[in-house]
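Chains A and B are the protein sequences, given in the same order.
Read left to right, the first sequence gives residues 1 to 174 (our numbering).
Read left to right, the second sequence gives residues 1 to 430 (our numbering).
Source of the hints: derived by calculation from the structure; they are not laboratory data.
For each residue, glycine too, the CB sits at the ideal point set by N, CA and C.
Take the hints with a grain of salt, since some may be wrong.
[Unchecked claim] Chain A regions said to be covered by chain B (calculated; three or more residues, Cβ under 8 Å):
{"hint": "1", "stretch": "24 to 35"}
{"hint": "2", "stretch": "42 to 51"}
[What the hints assert, rightly or not] For each label pair, taking beta carbons as the anchor points, the in silico distance ranges come out as:
{"hint": "3", "chain 1": "A", "residue 1": "Lys29", "chain 2": "B", "residue 2": "Ala310", "range": "23 to 31 Å"}
{"hint": "4", "chain 1": "B", "residue 1": "Lys335", "chain 2": "A", "residue 2": "Ile58", "range": "36 to 44 Å"}
{"hint": "5", "chain 1": "B", "residue 1": "Trp313", "chain 2": "A", "residue 2": "Arg18", "range": "53 to 61 Å"}
{"hint": "6", "chain 1": "B", "residue 1": "Arg286", "chain 2": "A", "residue 2": "Gly13", "range": "35 to 43 Å"}
{"hint": "7", "chain 1": "B", "residue 1": "Leu21", "chain 2": "A", "residue 2": "Leu21", "range": "32 to 40 Å"}
{"hint": "8", "chain 1": "A", "residue 1": "Ile58", "chain 2": "B", "residue 2": "Lys70", "range": "35 to 43 Å"}
{"hint": "9", "chain 1": "B", "residue 1": "Thr197", "chain 2": "A", "residue 2": "Val7", "range": "53 to 61 Å"}
{"hint": "10", "chain 1": "A", "residue 1": "Glu118", "chain 2": "B", "residue 2": "Leu21", "range": "49 to 57 Å"}
{"hint": "11", "chain 1": "B", "residue 1": "Leu198", "chain 2": "A", "residue 2": "Gly13", "range": "54 to 62 Å"}
{"hint": "12", "chain 1": "A", "residue 1": "Thr144", "chain 2": "B", "residue 2": "Phe13", "range": "51 to 59 Å"}
{"hint": "13", "chain 1": "B", "residue 1": "Val324", "chain 2": "A", "residue 2": "Pro89", "range": "34 to 42 Å"}
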Amino acid sequence: MDRNVKVVPRRGGETKERLYLPAIYEGIKVTFRHFFKNISDITAVDTLAYPEEQPADITERWRGLHRLTHRPDGSIACVACFMCATACPAECIFIEATERTDGVDEKMPKRFAVDTLECVFCGYCVEACPCDAIRMDTGIFSLTGRRREDFVLEKEQLLSYRGAFGEEDSRAGK
Amino acid sequence: MSTAAVVVAVGSFALGALLALLMIPVLVWLERRGAGLVQDRMGPDRANISGFRLGGLVQSFADVIKLVYKEEYYPAHIKTGRRLMMLSPVITFTAALLAFMVIPFADTLVIGGEALRVQPLPVEYGVLWYLAVGAVGVVGIFFGGWLSHDKYSLLGSVRAGSMMLGYELPLGLAAVAMILTYNTIDFNEMVRWQSGTLFGFLPAWGVFVQPLAALLLVITLFAETNRAPFNVAEGESEIVAGPYTEFSAMKFAMYFMGEYVAMNTASAVIITMLFGGYQLPWVSTRSMLEHFDAFAWATMALLPLATYGAIRWMRKNNRVRPTVSTDGGRGFETKVLTAALIAMTAVVEGALLWVSLLPEGATAAATAVALLQIAVFVAKLMAFNLFFILVRWTLPRFRYDQVQHLGWYYLLPLALLNLFVTALVVAGGA
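Okay, chain B solo, but in the shape it has when bound (with noise of 0.2 Å):
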């Protein structure tokens, strides 16, 4: 194994697992700022570190510690299990951190002949395995609801059961159909397969490809994470929280990071399989790499702009209304935050000039291309978080039998008769 190697392999699996750890706080905190302003208010604004609260991103972190130091409380009726109770949400948790390292981050590096996986885990059949350990979170839930002896876990983990026996299905069915389209069951292949054009203008991304596939897999992904509008296993309305119920402190902190992890990993699984996961729009890496200096060109005058209306847009917000007395060190924050801002965009721009100025073909060219791609595959990932969230605030929730009815008479068969479809479309123009 050569350095290239090692180097490439500890970097993407550091980074899937910032990406799914260091995602939680930062969509707690998205959730609630988003939920505020879907709602016309401020969201969680006051918490901060001498004068700086990234726009209330500190929340998040006083939140985490207000529940390490909670009282852990076990119910005193429990007698039998607790162990295992203590252990379910680790499961639920664990599955989805782990169904998330399989996602690609950017394309295979090749360096010196060497094709390298930016994948935290590099292997080949990322939708079997992603399928495979995504639907064990549930038995995480179930063991969880039913060791706590309450009959409102027991409903709630039993509906977290049938959900997943009834939206597993159309999932699993609507994942064959793309897996059938790109003919592979590698996710880094399905990117690839998705870096052309469509019709001549259109990006040949999974969503123009199989319509109806892509919104039984969005659907399902939604039902298969337990968020709004199909968050019937906690449903709070009816049966207090569900599995969750007898839960405290960090025991119920594991369960909701588990929640916000899972629903990392369905973006990233949408956006690989359906919106050209790391790759830009009509672009495929290979004409990144032939074309690397006009994108490297493109991304230094694009840069500035970006950090510009960012600066901007901070300099406008991040302050108080005239009315407020104190502005709370927000004004510090600002002048702290532009120069950060400016000084990193001047880091980027001079290493893409340097790396521009560089021969052809290039180990330098490859990696820049590869972090172009894992900052595409970062800013869509946040913007299918922020469409969870947003649905989450937009849709009421689905009584139980609606749920079930759902996904037994409508995706089901709408799943199967996509299947077929498909099936005949490729074996006819095999």
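So that you can see chain A by itself, here it is in the shape it has in the complex (with noise of 0.2 Å):
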């Protein structure tokens, strides 16, 4: 036999093992184990009272919600390259250009829509995004919405988000 080969013995062919009562005990006793310790302190065990607890433990790189970024003078900070569209495997970023006319940039998107139900939250449109404008560290998990076109995310309320994680100013070069 080739001496790479690991032979892995076979188990259950021991009494102990073909009787299955002491594997019983040995399983009853964990389940018996963690039992008693939980109705002894409910209150300790490990899990997150949602929505009177939130979680506290998202971290930097955890894609949340979309947002559109700023310039440091405050206008948005998207050129509508259609870069993002072109990179997003589940077709869910709307754009349509129009010219800049306050001299800053010569493009900027007219409607920039993210349809959440759509989006799966990939983060392709923020790799694909030259100009750093679309992120997806609002840290915001939980989008609620009584119609279907609530998921669509437009322009303005993208714009509204914040960074969850104060990067609004590193990553923008200062």
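Dock the two chains into a complex; use the hints.
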């Protein structure tokens, strides 16, 4: 036999294993231990009483709801290049471009919408953006609405979100 | 028939119905919370009536309301036998309920020279009744599965039927061994037999007298009640929900409740046949009556301690972590329940004090002993139900052929051997 082959011994043939009862005893010991440990101190059970308790372990790398960033002067950073919409595998980004007349840049989106019901939160739009204009660092994990239309986030709403991890400045080059 | 006889008959029937029916929501709650605690999570703890959640018990009643208001749906493909199909959950439920009715909750009360059985159905052939009526439950499952005209249901009901064949035999043979040992088919006589002492230190419980038969009984009763690790009939990972697939709303709820009643019945049978029934270990009813004062004083001493423990546990656990903004009325509930517990303890203490001051051999003492035995019975019943539940969350399900293999190749020969040895010992000793 090849010396790289490791033979794993077959288990289950011993009398103790065939009896099955010792294994049941071991298993019941485990369940009883958990049961009595938890029943003697229920508040110590490590679960989240959502929504009264909110998760505190959302990290900077976690992809939450999208937002559109601002330039240092407070205007929209997006130049409507369509890179994110092209990269999007779920095809959930809808952009209509328009000319920008305030002299800051040449182009900006007239409409920028993300259909969060279609979005798969892959983060490709963030990777694709050459202007760091779209990010997923809001830390928002729960979006609720009564109609389907409520889940299509428009430009104004996307601009209104703020980064949850104080990245507003660091990546803007300051 | 004297007044006492009527009171005892009605009282024990009401107690039997309560213990069987009111136990269903409690068991469902125990199952869900127990599963949660075993798996390091909370289980249902949200449903409440103005802050009162009784540890989540209210959830069961909310579930009942949901099931009652659910749409009655009849699968359109079922053309024939719809009446019988609707009746089949009722058969299962009724069989489980009736089988429970022969369990004695306390020793025969002697009031004014009249012997009164504390048993919902005062019969002397309890074991036969249980074996006969308990086995009818599978008929309901079989009809339901067959008349659903659905291959999953048919497979499930075939499984249920063959499980019954495979496990009823060792169950019956183990029961026969117990019958030979106790020399009676009366559950109450069985409990009386078990009230002595074995080898000077063990309570003379069936489980110590007949360990192998006890093991066989427990295993086969797990199979009989269709519970994990033997729930192959329902087998949700293979055959959807087995015989219950086409049932919805209250029709399904009947099956579901029947299952819990059957589990409760199995627990009651196990403790009656193997764990001394309503009896405290080492103690017989006569010694309890003779030394009633001692038992009354011991109860009076222990009860406040138990209440104190319960209150302490509640104050520690019926609250939320400091990180949670609101306690949802738990603080108020704890206060009210603390007061209720103290009041109940006071009432029981007062009653015991009053009875112990009465003259010797009074009817009140006999009644108090019977009530004490009922309390012991309920405590044991709950403990065994908890065992059933914890076993469900411990063991994975057997494969169907493994179940049959275990039943026919191991349990049946073991039961026969055990019966043979028992018969030899009994015949040799007699």
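Evaluation of the provided hints:
1. 24 to 35: holds (count 8)
2. 42 to 51: holds (count 6)
3. A:Lys29 x B:Ala310: 23 to 31 Å: With a Cβ separation near 26 Å, Lys29 (chain A) and Ala310 (chain B) satisfy 23 to 31 Å, so the hint holds.
4. B:Lys335 x A:Ile58: 36 to 44 Å: Given about 37 Å between the Cβ atoms, the range holds.
5. B:Trp313 x A:Arg18: 53 to 61 Å: Given a distance of about 42 Å, which is not inside 53 to 61 Å, the answer is violated.
6. B:Arg286 x A:Gly13: 35 to 43 Å: Violated - the Cβ-Cβ distance for Arg286 (chain B) and Gly13 (chain A), about 53 Å, lies outside 35 to 43 Å.
7. B:Leu21 x A:Leu21: 32 to 40 Å: 34 Å, holds
8. A:Ile58 x B:Lys70: 35 to 43 Å: The hinted range 35 to 43 Å holds for Ile58 (chain A) and Lys70 (chain B), with Cβ atoms some 38 Å apart.
9. B:Thr197 x A:Val7: 53 to 61 Å: Since the Cβ atoms of Thr197 (chain B) and Val7 (chain A) sit about 55 Å apart, the hinted range of 53 to 61 Å holds.
10. A:Glu118 x B:Leu21: 49 to 57 Å: For Leu21 (chain B) against Glu118 (chain A), whose Cβ atoms are near 50 Å apart, the range 49 to 57 Å holds.
11. B:Leu198 x A:Gly13: 54 to 62 Å: 37 Å, violated
12. A:Thr144 x B:Phe13: 51 to 59 Å: 52 Å, holds
13. B:Val324 x A:Pro89: 34 to 42 Å: 39 Å, holds
Comparing the model with each earlier hint shows violations of hints 5, 6 and 11; every other hint is respected.
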